[in-house]
Amino acid sequence: MSMAHHLRPLRDYPAAHFRWQADDDGKVATITLDRPDRKNPLTFDSYAELRDLFRALVYASDIKAIVIGGAGGNFCSGGDVHEIIGPLTRMTTPELLAFTRMTGDLVKAMRHCPQTIVAAVDGVCAGAGAMVALAADFRLGTPAARTAFLFARVGLAGCDMGACTLLPRMIGQGRAAELLYTGRAMTAEEGAAWGFFSRVVASDALAGEARALARSLADGPTFAHAMTKTLLHQEWAMDLDAAIEAEAQAQAICMQTADFRRAFEAFAAKRAPKFEGN
Numbered sequence: 547m548s549m550a551h552h553l554r555p556l557r558d559y560p561a562a563h564f565r566w567q568a569d570d571d572g573k574v575a576t577i578t579l580d581r582p583d584r585k586n587p588l589t590f591d592s593y594a595e596l597r598d599l600f601r602a603l604v605y606a607s608d609i610k611a612i613v614i615g616g617a618g619g620n621f622c623s624g625g626d627v628h629e630i631i632g633p634l635t636r637m638t639t640p641e642l643l644a645f646t647r648m649t650g651d652l653v654k655a656m657r658h659c660p661q662t663i664v665a666a667v668d669g670v671c672a673g674a675g676a677m678v679a680l681a682a683d684f685r686l687g688t689p690a691a692r693t694a695f696l697f698a699r700v701g702l703a704g705c706d707m708g709a710c711t712l713l714p715r716m717i718g719q720g721r722a723a724e725l726l727y728t729g730r731a732m733t734a735e736e737g738a739a740w741g742f743f744s745r746v747v748a749s750d751a752l753a754g755e756a757r758a759l760a761r762s763l764a765d766g767p768t769f770a771h772a773m774t775k776t777l778l779h780q781e782w783a784m785d786l787d788a789a790i791e792a793e794a795q796a797q798a799i800c801m802q803t804a805d806f807r808r809a810f811e812a813f814a815a816k817r818a819p820k821f822e823g824n
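Residue numbers (the numbering used here): 547 to 824.
FYI, nobody ran anything at the bench for these hints, they're computed from the structure.
Among the clues, some could well be false.
[Said to hold, decoys possible] Simulated DEER-style distance windows between Cβ atoms:
hint, residue 1, residue 2, range
1, Gly-632, Thr-728, 21 to 31 Å
2, Asp-583, Arg-817, 49 to 59 Å
3, Leu-553, Gln-780, 21 to 31 Å
Glycine included, every Cβ here is placed at the ideal spot set by N, Cα and C.
Whole structure, please, built from the sequences with the hints as guidance.
Here's what the structure looks like:
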């Protein structure tokens, strides 16, 4: 049985706990966390559905890039205080561990899906919401973005959902330590200067800029992009010799794609290449 039999389109994914909208051609899809009255907090159900969706994207035949954002001028306020934080105080240790593993599984699913993910961050981006943004491949912010890894402020460790691995690699060990110990908000200006945000744009331009970035990625050599994403993830645990060998193998595979030939033929003909992701 060919791999194609395991792939299926996801443009009509029946999302129940957030909004999901795919472009007409299905190549770019947008996830919108949509509880604006509460600054878009996550619940047990939305955590699980996001995890399941990103896992399913491994087998998507149509979606090539994802935008994730929030409704009403905020990204995500983290775990819902009433629907998550309160119940956690009454759980047993095995139940708590099942929950913390599930939240970590969301980050793992985001890092392992082949699609590039663009986080569109406006306003409040806190706790688990900050981790979702951090797990994306790109982050665009606005001047109003306030990103806080505020676990310490609710009496918890800063090592949540991969924070102690992902954040130091993104902004540096010292800056990450300050944010994780204090729980203070990183300003948009700091986020841009430290490399957390690719760039900062006006709030009214955020959605359009994020979709334009996702579209440019989706129209690019998406098989090769997926390989880049895989190697960016895997090489953390490699020494330089192993990394160079892994990249040699990855590039040799990419050199067998039709997109590589298309790029050469377009260059020779002095026209822009049209990539198809194969």
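- Message: Tell me the numbers of any earlier hints that the structure contravenes, in ascending order.
- Response: none
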